[in-house]
Amino acid sequence: MSRYPSISSSVWQGLCLLITYVALAFPFSAQAETKTEYKSWEEVMSAAKGGTVNWFMWGGADNINQYVSDYIGGELTERYGITLKRIGINDTAEAVNIVLGEKQAGIDDKGSVDLIWINGGNFRTMKQGGLLFCGYHSLLPNNKLVNWQNPSIANDFGLAVDECEVPWNRAQFAFAYDSARTENPPKSIAELIDWVKDNPGEFTYPAATDFNGSVFIRHVFYHAAGGPDALLGDFDSKKFDAIAPKAWAILNEMKPYLWREGETYPNAIANLAQLFANREVALYFDYDPAIFGINVENGIFPETTRSYGLKDGTIGNTNYVAIPYNSPNKAAAMVAANVILSADAQREKAKADVWGAAPAIDINRLPEEEKQRFTDLPRHPAVVDPATLSKKALPELHPDWISAIEKGWQENVAK
Amino acid sequence: MLDRWKIPLLLSPALLLIVGLFLGGLFLGLIGSLGYMPQLGREELSFDAYRNILTSESFCLSFLLTFYISFTSTVIASALAIIAALILRRHFIGRSVINFLFQINLTVPHLVGAVGILYLFSQSGFFARLAYEFELIARPSDFPALIYDPLAIGIILQYVWKEVPFIGMILLANMQTFGQDYETAARSLGASRWQSFRYVLLPLLTPGLLAAALIVFAFTFGAYEIPALLGQNYPAALPVLAYQSFTDVDLNARPEALAMGMIIAALSAVMIVGYARLARRYVRT
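Residue numbers (my numbering), protein chains in the order written: chain A, 1 to 415; chain Z, 1 to 285.
It is worth saying that the hints were derived from the structure and are not from the lab. Every residue, glycine too, gets a C-beta built ideally from N, C-alpha and C. Check each hint, because a few of them may be wrong.
List time: in silico SDA-like cross-link candidates among lysine to any residue, alpha-carbon distance up to 20 Å [as the list claims (entries may be wrong)]: (1) A:415 with Z:56; (2) A:407 with Z:145; (3) A:415 with Z:142; (4) A:407 with A:197; (5) A:415 with Z:207; (6) A:407 with Z:56; (7) A:255 with A:185; (8) A:255 with Z:145; (9) A:197 with Z:142.
Interface residues of chain Z toward chain A, partial, derived using beta-carbon atoms under 8 Å [said to hold, decoys possible]: (10) 144; (11) 145; (12) 148; (13) 233; (14) 245; (15) 279.
The task is simple: from the sequences and hints, build the whole structure.
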């Protein structure tokens, strides 16, 4: 009885994919993005009053949801008379597809999305599709707190931000280990290669189809290339062909010493967390070091978990919020973007028991007293100090590089 | 006049939805799999995607793996279901309780079952911990790999666990309709217990068993979630492979993803047709 729907469930699943496909296949015409019609911040604020902001964001973490709904939502209501509606989604592409579909249907000023938590490939899709509202940074008073000279903020995965999105958090890759179990964890990719050989079965990384697995493979790539400099900019197949074999050789050399002799790799970072929690492997890593502290607090990771960055640096990125071109509440969305950039909101978010996310603003631009309050924030012992970590930050690559590396890994290492 | 139109009219919302979304989606998938993407400046149709995947090693390995998983799960589940049904049709004390316990996992979602399998059989799962406690193993990697393993034991375990009661319930219902008269007649004419099972009961059960097995086969062949959770990373089951290509950032990988979806859909359709024919024959006899 209940069987009939389940046979067709895969078909329905396919159908959903098809609908997404149709939406995605929409022409990527490079159009000039909408420019703002407001002249001053006062104008924006008065236009924003009484407005509603529909913020579409990944909704998978309760602490983040609570921070956005309660703290940011509270600020907006109390101080600006704006209602914040947080719409939790599973994948940012869902919100991108809504805007894409609306553009296709000719809904150019009454869209349902006002703000999206976004970066990387999704930002590229929206920018190329002319789906973003741009050119408003000079209006936002808190924009002065952002260091736009930093290339890893001014570029979102190698694509210029061009005043089309506002930075929200910084994330930087870090390794974690159990200090009670592992005394000297490897501090560079070169050390890791030797460490893996000395500790067979104690290390693995998720497959390239996983976001974090892919980042780990990029670190090995940077190591093989002698640093990221040669890889920045647009994809270059000559450079790729010169470096890739070295990277695959390193990974294949490690393979027999990995968990399960490298016959298989975890499919997702959550599986690696499970392996680390169950002491099957000795090392864990994540693009968001705050997760180490959260996992210790939740009793998943041992109390003695500690984390660190690599000597040669680790890859960092910035994630942003963006306003779609057809948002009917652009003024209110701009006010919301300004609030999340404020020193207070960024500090609240940096608290270990709230979220523990690294600030997107440059705290050196704050008054001394305000800066002190940031540096005084207690940090979870399992989480590496973000200031130390960010001293050696490596840039992300252009999405074309990333997809070439991911494909190459499947072909040359996974098989 | 009005009456004649009443039923089609009442059905029309549902039909519109099914025809429009389902067949429409299938059609879009078909042309997409033929490489029709005017947005990327590709308007000619070609079988390149099908040619590419049918000649690629990973597709062939995935196909073999998926077939192996479905076939093994179906055969094992059918065999166990026959045994279970034979036991459950007898009268014994506590039969209703056992019967209830036998059916209870029909209500458990596949995903929940998969997580259960993970907790029980992984190298740091319940049984591994038990083995460690009794000093049978010294570290997690000493425990045999039953999850994410090349033989897909975890996936097959999950399917067998879930499908035995399903096939069993169908067989039990069949057995109850036949009653025991044929077997009693066979026994009174000198057939052994085995002979009366092999030559009387089994042929009677075959249509129902085949139909149930086909449903299980088609379902396990097209299911994504279990191999995604419990499967190894390469080769991956077909639906997992299709989803990986579909979520590839390269739009040029879409035709291949859609072609894989079409192949899975076509094979499932063949099985559903087969099921319908079997079911019809079964109703007639």
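Interface hint status, residue 233 (chain Z) versus chain A (Cβ within 8 Å)
holds, 4 Å
Holds or violated: are the alpha carbons of residue 415 (chain A) and residue 207 (chain Z) at most 20 Å from each other?
violated, 41 Å
Need the status of pair residue 197 (chain A), residue 142 (chain Z): alpha-carbon distance at most 20 Å?
holds, 18 Å
Against chain A, with CB atoms and a cut of 8 Å, does the hint on residue 144 (chain Z) hold up?
violated, 11 Å
Does the structure keep residue 407 (chain A) and residue 197 (chain A) at a Cα separation of 20 Å or less?
violated, 26 Å
Close enough to count: is the Cβ of residue 245 (chain Z) nearer than 8 Å to one in chain A?
Interface hint status for residue 245 (chain Z): violated (10 Å vs cutoff 8 Å).
Does residue 145 (chain Z) sit within 20 Å of residue 255 (chain A), going by the straight-line distance between their CA atoms?
holds, 17 Å
Are the Cα positions of residue 407 (chain A) and residue 145 (chain Z) separated by 20 Å at most?
violated, 27 Å
Quick check on residue 148 (chain Z) please, does its C-beta sit within 8 Å of some C-beta on chain A?
This interface hint holds because 5 Å falls under the 8 Å limit.
Against chain A, run the beta carbon of residue 145 (chain Z) and see if the smallest gap drops under 8 Å.
Given a least distance of 6 Å, the restraint on residue 145 (chain Z) holds.
Under the criterion that the straight-line Cα-Cα distance not exceed 20 Å, is the pair residue 415 (chain A), residue 142 (chain Z) satisfied?
Cα-Cα ~24 Å, so violated.
Distance restraint between residue 407 (chain A) and residue 56 (chain Z), which requires alpha-carbon spacing of 20 Å or less
It holds: about 14 Å lies between the C-alpha atoms, which stays within 20 Å.
When the structure is compared with the earlier hints, violations turn up for hints 2, 3, 4, 5, 10, 14, 15 and for no others.
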